[in-house]
Structure formats: structure tokens, C-alpha cells
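Asker: If you want the building blocks of each chain, they are given just below.
There are 2 protein chains.
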Amino acid sequence: MKKAILFIIDGLGDLPHPETGKTPLQTARLLNFERMAKEGSTGLMSTISNGVVPGSDVSHLQILGYDPKEFYPGRGPLEAYGANMELKKGDVAFRANFATLTGGKITDRRAGRIDSASAKKLESTINMKIDGVQFIFKATTEHRGALVMRGKGLSANITDSDPHHDNETPICKSLDKKSAKTAKLINKFTSEVYKKLNNHEVNKGREKPANVILLRSAGIAMQVPKFQEQFKLTAACIAGGALYKGIAKYLSIDVIEVDGATGDKNTSLTAKGNAAVTVLKNHDFVFLHVKACDSFGHDGDFEGKTNMLKRIDAELLPILRESGAAIIITGDHSTPCIRKAHSGHEVPILIWAKGERVDGGTTFDEIACMKGGIGHIRGKNVMPLILDIIEKAEKYGS
Amino acid sequence: MKKAILFIIDGLGDLPHPETGKTPLQTARLLNFERMAKEGSTGLMSTISNGVVPGSDVSHLQILGYDPKEFYPGRGPLEAYGANMELKKGDVAFRANFATLTGGKITDRRAGRIDSASAKKLESTINMKIDGVQFIFKATTEHRGALVMRGKGLSANITDSDPHHDNETPICKSLDKKSAKTAKLINKFTSEVYKKLNNHEVNKGREKPANVILLRSAGIAMQVPKFQEQFKLTAACIAGGALYKGIAKYLSIDVIEVDGATGDKNTSLTAKGNAAVTVLKNHDFVFLHVKACDSFGHDGDFEGKTNMLKRIDAELLPILRESGAAIIITGDHSTPCIRKAHSGHEVPILIWAKGERVDGGTTFDEIACMKGGIGHIRGKNVMPLILDIIEKAEKYGS
Chain A
44 MKKAILFIID GLGDLPHPET GKTPLQTARL LNFERMAKEG STGLMSTISN
94 GVVPGSDVSH LQILGYDPKE FYPGRGPLEA YGANMELKKG DVAFRANFAT
144 LTGGKITDRR AGRIDSASAK KLESTINMKI DGVQFIFKAT TEHRGALVMR
194 GKGLSANITD SDPHHDNETP ICKSLDKKSA KTAKLINKFT SEVYKKLNNH
244 EVNKGREKPA NVILLRSAGI AMQVPKFQEQ FKLTAACIAG GALYKGIAKY
294 LSIDVIEVDG ATGDKNTSLT AKGNAAVTVL KNHDFVFLHV KACDSFGHDG
344 DFEGKTNMLK RIDAELLPIL RESGAAIIIT GDHSTPCIRK AHSGHEVPIL
394 IWAKGERVDG GTTFDEIACM KGGIGHIRGK NVMPLILDII EKAEKYGS
Chain B
44 MKKAILFIID GLGDLPHPET GKTPLQTARL LNFERMAKEG STGLMSTISN
94 GVVPGSDVSH LQILGYDPKE FYPGRGPLEA YGANMELKKG DVAFRANFAT
144 LTGGKITDRR AGRIDSASAK KLESTINMKI DGVQFIFKAT TEHRGALVMR
194 GKGLSANITD SDPHHDNETP ICKSLDKKSA KTAKLINKFT SEVYKKLNNH
244 EVNKGREKPA NVILLRSAGI AMQVPKFQEQ FKLTAACIAG GALYKGIAKY
294 LSIDVIEVDG ATGDKNTSLT AKGNAAVTVL KNHDFVFLHV KACDSFGHDG
344 DFEGKTNMLK RIDAELLPIL RESGAAIIIT GDHSTPCIRK AHSGHEVPIL
394 IWAKGERVDG GTTFDEIACM KGGIGHIRGK NVMPLILDII EKAEKYGS
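Chains as they are written, first to last, in our numbering: chain A, 44 to 441; chain B, 44 to 441.
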């Protein structure tokens with residue numbers, strides 16, 4: 044039985060360095076990437092369509108075979124899944140964070156970056172019921188968390204209560220008539236939270252008390268076909284970042300917790316690689332995710348991104364090669380260091396699998412892949428290609 | 044703030060010359076095109092889809108980011124905009140031309156190519172109201188003009204009144220029940236015009252009197268989102284041909300009048316290039332159009348097309364390169380000289396912008412671009428690519 048690892052290097056694609064004219068992939072000597080390019084085929088992948096700049100949430104859904112036009116629930120529900128919360132159809136979910144409110148205005152949007160342990164202690168105080176609607180909060184790291192509203196007739200067509208700037212008042216506004224109830228409930232919740240948190244024991248002595256919860260990225264929970272049913276594959280996710288685990292959970296992909304998988308530059312690539320090989324024993328498909336290249340791109344840290352690619356090349360690829368699975372390597376989008384932001388530029392893709400066509404290319408970078416044998420594909424083509432490679436594609440017609 | 048010039052060389056693409064096996068782009072030595080190809084990336088663009096032969100109106104709408112299936116109002120309204128007429132929603136507009144009617148039949152479809160000044164004198168006589176419907180005519184060059192019908196319940200689902208051949212009677216027929224009123228009005232209009240023009244002073248002594256107006260390409264005026272709102276870009280158009288200015292006006296793109304921009308082979312490329320650089324000062328985006336390559340293609344004039352490309356290379360490209368803007372060069376479709384008509388063959392495209400990926404190609408022609416790093420794209424991809432290059436693309440998802 045053939046199996047596959049889809050390895051997504053977040054923010055992989057880049058633009059030429061203004062001085063050297065080379066991208067990070069071109070700058071590092073990546074012997075294992077080169078070897079796999081020689082033994083496989085490469086190309087370029089446009090996640091949504093040429094020039095379209097995708098967020099990480101939308102791009103992962105698309106690459107994993109779920110058209111975001113149909114299945115993107117907004118960032119809130121995916122973050123809530125990532126915080127290990129359960130969602131029911133009709134729930135409204137948010138990204139949430141502790142902030143400091145003084146005299147009715149926000150004075151610190153991160154409540155002095157409250158530590159995770161202290162934030163955790165506030166969870167139970169925040170969980171409440173207002174007018175029959177449940178507010179369920181979960182703290183994640185530092186000031187961050189997720190919030191789920193559960194009740195009848197809720198809508199996500201509202202503004203953030205997070206004003207996104209200091210010295211402003213947190214307020215949620217409805218964007219249509221149907222969402223007026225939800226907005227009103229959120230504003231009541233904001234007041235209630237302040238009343239309960241402002242004199243809370245945890246906040247005693249804190250210069251910047253965590254006395255309010257700001258909400259953003261509202262989305263309504265929706266049902267989505269399970270990955271296993273959609274593709275007839277048992278699937279596992281190995282990722283450090285909460286969002287990626289949340290996306291996997293949303294698609295009913297098994298999320299494997301790996302010690303040392305941090306979702307940042309200190310992540311243990313060996314641990315993740317070994318975990319991928321292990322879970323392949325009882326799964327057909329592994330979605331393996333490494334975040335740090337994207338973070339280095341956002342920071343404009345060309346050297347950091349280059350070094351992370353070197354680490355992936357040296358520490359992770361040898362393990363994947365030994366797994367016996369088909370390996371598909373790509374990114375979810377480009378995050379050019381010079382832009383410190385996502386861009387719409389195509390991302391290199393590499394298909395390395397026993398018995399597949401070999402295009403004769405020798406390197407894996409943005410320029411070499413322009414001439415790769417896979418050509419220029421779209422994110423929506425990735426899952427069908429993988430299914431075909433591992434002989435799990437269903438015939439269309441007869 | 045990054046800016047862009049989209050330079051459309053009308054009818055750019057071609058087929059191999061039957062004797063030399065080379066296209067016009069391959070025949071001329073085009074040093075500036077070569078230089079920009081070396082410094083940028085190339086590819087091929089299929090305006091609508093492979094093999095589909097587009098008219099210039101449809102192809103420009105598509106490349107400028109407006110799906111013609113949704114936003115093509117027909118040629119008539121675009122010509123009316125090009126003649127600097129105002130259109131209201133529901134107006135029916137036509138391409139119009141003076142012709143000579145003798146004994147109820149057309150004897151010259153161009154009224155002896157009446158001069159523009161004489162034609163202009165007939166305008167006010169033709170403007171009239173019939174059964175509450177206004178007929179507004181504007182003469183443009185020689186026998187050509189545009190006509191707008193304004194009133195209630197008009198339809199464009201009618202035949203041309205122009206019989207397209209001499210020795211036939213101009214008559215407009217309705218193509219469904221709803222358009223019967225419009226067709227009847229047009230036939231009344233044709234009679235009225237003849238009555239008023241046949242003995243008009245301008246026609247005294249003319250061997251071929253301009254005594255009738257033939258109408259074709261009916262289209263109903265529709266509202267379209269303004270380019271500036273659609274793409275969050277301030278935009279200007281520099282073109283000689285009326286149709287291209289009309290398309291720009293339809294999309295609410297600022298039309299810049301340039302002395303010496305004629306829309307034919309005698310156009311001043313220097314004047315157009317300089318105007319493009321000037322308007323970039325207060326616009327984000329310039330749509331620059333040169334028509335003559337298409338006209339030479341229609342005439343089957345291979346040498347003329349080749350020489351026009353040489354002129355563009357020598358006179359226009361150096362100015363564009365100096366503008367500091369991202370330069371995107373392509374055509375709206377192919378007009379192979381051997382066919383003397385549009386064809387569905389892909390058109391070369393060149394992206395030349397600071398900081399973008401460079402594909403290593405060295406020439407710009409139909410064959411070299413087959414291997415270009417941009418790959419094979421569609422007309423609808425052009426605007427998203429430009430938005431991404433100048434960092435004006437909105438993120439999809441978060």
C-alpha cells in the first residue's frame with residue numbers, strides 16, 4: 044500500500060535578495076533538496092490563482108483539497124479548533140486576547156503579555172452564560188486565546204470588538220439586522236468580563252491587569268466532509284502551530300502531538316520527522332507542517348529563513364526519504380523577506396515518489412522550478428496528484 | 044509606492060512567415076525587448092482560453108480584469124464612449140456610418156468617405172426625437188460615428204440596419220417580441236434621416252450624398268464597477284484609437300488625450316511614452332495602447348508589422364524603462380499577417396519589474412516565450428499579477 048507525506052514549508056517561496064539576486068532557496072546549498080529534485084520532478088504551484096495573495100488558513104484548506112470559497116469558516120473557528128475546543132454547527136468563534144482597560148479605553152492590547160499560567164487561571168471566571176448564550180473561553184499562549192459563543196440565532200457578520208489600537212474603546216457592531224443580537228451580547232460580555240476580572244486575584248499587583256477580552260475574526264462553525272471520507276485516506280497532521288492543528292481538526296485529520304514541535308524556529312525537526320514516519324504505520328497520509336520559514340519571512344530575516352531551509356535539508360529530509368512514502372514538498376504561499384508579508388508569487392513544488400516520472404531537473408528553487416516538469420499547477424491540483432501517485436484516485440467515468 | 048504600466052500592443056502575436064518560418068517578433072532585432080526579457084520574465088497569455096479568438100473589445104475588458112461574460116455591453120456602447128458620448132443605463136448604442144442611398148438601396152456604404160468636417164455639420168440635423176425616444180448622433184472620423192437611443196423599454200436584440208453590402212435596403216429587424224418597438228423606431232429614424240439629409244446643403248454637389256445613417260453592433264448600456272474601486276488603483280489610459288479610449292471611459296479610467304497619438308502607424312510613440320511617464324506622477328496604473336501592429340496584421344503587411352515593432356523597440360521601450368514603474372507588455376490577441384484576421388494563438392507576455400523573479404530568458408517572441416518562467420496564463424490573471432507586483436493585492440483569508 045503506497046502512502047504519502049505532504050510536507051508544507053510555510054511561506055516557502057521568496058523573491059530575489061536585492062543585493063545577491065538570489066532567493067533563500069538559491070542561497071543555501073541544499074544537498075538533500077538537490078538529490079530529491081534529481082530523483083523526482085518539480086514545478087511551481089499557485090495556491091489560489093496567479094497573483095492572488097492567500098492567508099495561511101485559506102491556502103492550507105485549498106491545498107488539502109477543500110475549496111475555501113465553500114469551506115472557509117473564517118479564522119475564528121480554525122483558531123478555536125487549534126485551541127482544542129469543540130465546535131457545534133452554528134457556534135460563533137473568535138480569536139481572543141487579554142487586554143488592559145483603563146477608564147473605558149484600551150491601554151495595552153496584550154495585558155503586559157500576561158504569562159500563560161496566570162491567563163489559564165482566569166478561564167473559569169470568563170466562562171459565563173448571558174441571555175441563554177454560552178461564552179466558552181480557552182487561554183492558549185500568553186495573552187492569546189479563543190472564544191466560542193453557543194446559542195440560538197447567532198451571526199458572525201459583526202465587527203471585531205478589538206479596536207486594534209490603544210486608547211480606543213472595545214465595541215462590537217453588527218453589520219446587518221440579523222447580527223444585532225450577537226453584537227449586543229458581545230458588548231454585554233465585555234462589560235461582565237471587566238467586572239469579574241478587574242479585581243480578580245490574578246490581577247492584584249499587575250501593572251497592566253488582564254481585565255478585558257478583545258475578540259476578532261468572528262466565524263461561524265460549519266460542517267465539512269471529513270478528510271477520510273472525502274479522500275478515502277486515513278490522515279494525520281504533525282504541526283507545531285495551533286492554526287495548522289486547528290485546520291486538521293476541522294477536517295477531522297488526526298492531530299498528533301509531538302514533543303519538541305513548537306511551531307517556531309526552535310522546533311525539533313527530527314522529532315517531527317520521526318513522528319511522521321511512525322504515524323505512517325497506521326495512516327495513509329501525513330500532513331507535515333513547518334512554520335518558521337514563514338515567520339522569518341514576516342520578520343524580513345533572509346538569513347534566518349535560509350538557515351531554517353538548511354536545517355530542514357539536513358535534519359528532516361533524510362528522515363522523510365527513508366520513510367518509504369511518496370514525498371510532496373511545497374509551501375502554502377510565498378512570504379518574501381523583502382516584503383515581510385505574504386505575496387501571490389508561485390511556490391516551488393517537488394514530487395518525489397518511487398515509479399514516478401523524473402524531469403531531469405537538479406535543483407529546487409523558485410527559478411529552477413519554472414522549468415520543472417510538473418509545470419505550473421494550482422493548489423487544488425495537489426490532492427488529486429497525491430491520490431494518483433499512491434493509486435487511491437477514483438476513476439471518473441468508466 | 045510601486046506603480047505599473049500595462050502596455051498592450053494590439054494584435055502582437057503572429058504565426059511563422061511561410062518563407063522564413065519566423066514571426067515579426069523573430070524577424071526584427073529588438074534590442075530593448077531582448078534587454079527587458081533578460082532582466083525580467085516572459086510567458087504566453089491566452090486572453091480568454093486556448094484557441095478562442097477574441098475581438099479587441101472583449102480582450103481588453105478581460106485583460107483589464109472585467110470578465111466579458113458579465114461586463115461586455117456589445118461594441119456599440121464602447122464606440123459611443125470612445126466618441127466621448129455619455130451613456131445612461133438602458134440606452135441602446137450603435138456604431139454608425141454615413142452611407143449613400145439611391146432609389147431605396149445602398150450605393151456606397153461610406154458615402155464617398157465624406158470628410159470629417161462635412162460629416163460634423165450633419166450632426167445637429169440627425170439628432171431628433173421620435174415617439175418620445177431621443178436619437179443622439181456624434182460624427183467621429185470621415186463617415187464614421189456613434190449613435191445613442193435614449194428612452195423607455197429599448198432593446199438591443201435587433202439586427203443591424205446596415206445591410207453590409209451595396210444594392211441592399213437598410214432595414215432593422217427585431218429578434219424577439221420585446222425589441223419590436225426598438226426596430227420600428229430605427230426604421231422610422233432611417234426614413235427621417237433620409238428626408239432631412241438628402242437635400243441638405245452639405246450634400247449639394249456631392250456625387251455620393253451622405254443621406255442615410257447605417258447602424259450596427261447594438262448594445263445596451265450597463266453599469267460596471269469603476270476600475271478605481273475594483274482594484275483600489277488610480278488609473279489612466281493612453282491610446283489613439285477611439286475604441287480603447289471608449290473601453291477606458293466605460294471602466295471610469297482617466298482618458299489622457301495626447302497630441303500625436305493617432306491610433307495608426309503614424310502615431311507618435313515618443314509622445315505616448317512621455318505622456319505615460321507624466322501621468323504616472325498622479326496615477327498608480329497606466330494602460331498604454333498601440334494599435335498599428337494589429338492593423339498591419341489585418342492588412343497582411345508582415346514588413347509593416349515588423350517595422351512597427353522596431354519602432355516600439357527603439358522609440359517607446361527606452362522611455363518606459365526609465366519610468367521607474369513595473370512594465371507589463373503583452374497583446375490583446377494574435378493577428379497573424381498570413382490570416383489577415385485575429386486568431387486564438389497565445390500572445391507573448393513580459394513582466395519587467397524591480398525585485399521580481401528573473402527567468403533567465405533572453406528574447407521576447409512567440410517561441411522563446413513558450414519556455415518562459417511565467418508559463419501559460421490567461422487574460423484574467425494579468426490584473427491579479429500586476430496587483431501583486433505593485434503590492435496592492437488584498438489578502439484572501441488571514
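Since the hints were derived computationally from the structure, they do not count as laboratory data.
Bear in mind the structure is a predicted one, so any value in this text is a computation, not a measurement.
Check each hint, because a few of them may be wrong.
Treat identical chains as interchangeable: a pair holds within one or across any two.
[As the list claims (entries may be wrong)] Cross-link-like lysine to aspartate or glutamate pairs, in silico, EDC-like; alpha carbons within 16 Å at most:
1. 414 x 402
2. 65 x 82
3. 383 x 437
Asker: Does each hint fit the structure? Answer for all of them.
Answerer: Outcome of the hint check:
Taking the shortest alpha-carbon separations for residue 414 and residue 402, both the intra-copy value of 9 Å and the inter-copy value of 9 Å come in at or below 16 Å. Proximity of residue 65 to residue 82 under the C-alpha cut-off of 16 Å is restricted to the inter-copy arrangement: shortest distance 14 Å between copies versus 24 Å within a copy. For a Cα distance limit of 16 Å, the shortest separation of residue 383 from residue 437 across copies, 15 Å, qualifies, whereas the shortest one inside one copy, 41 Å, does not.
Consistency note: the structure conflicts with none of the earlier hints.
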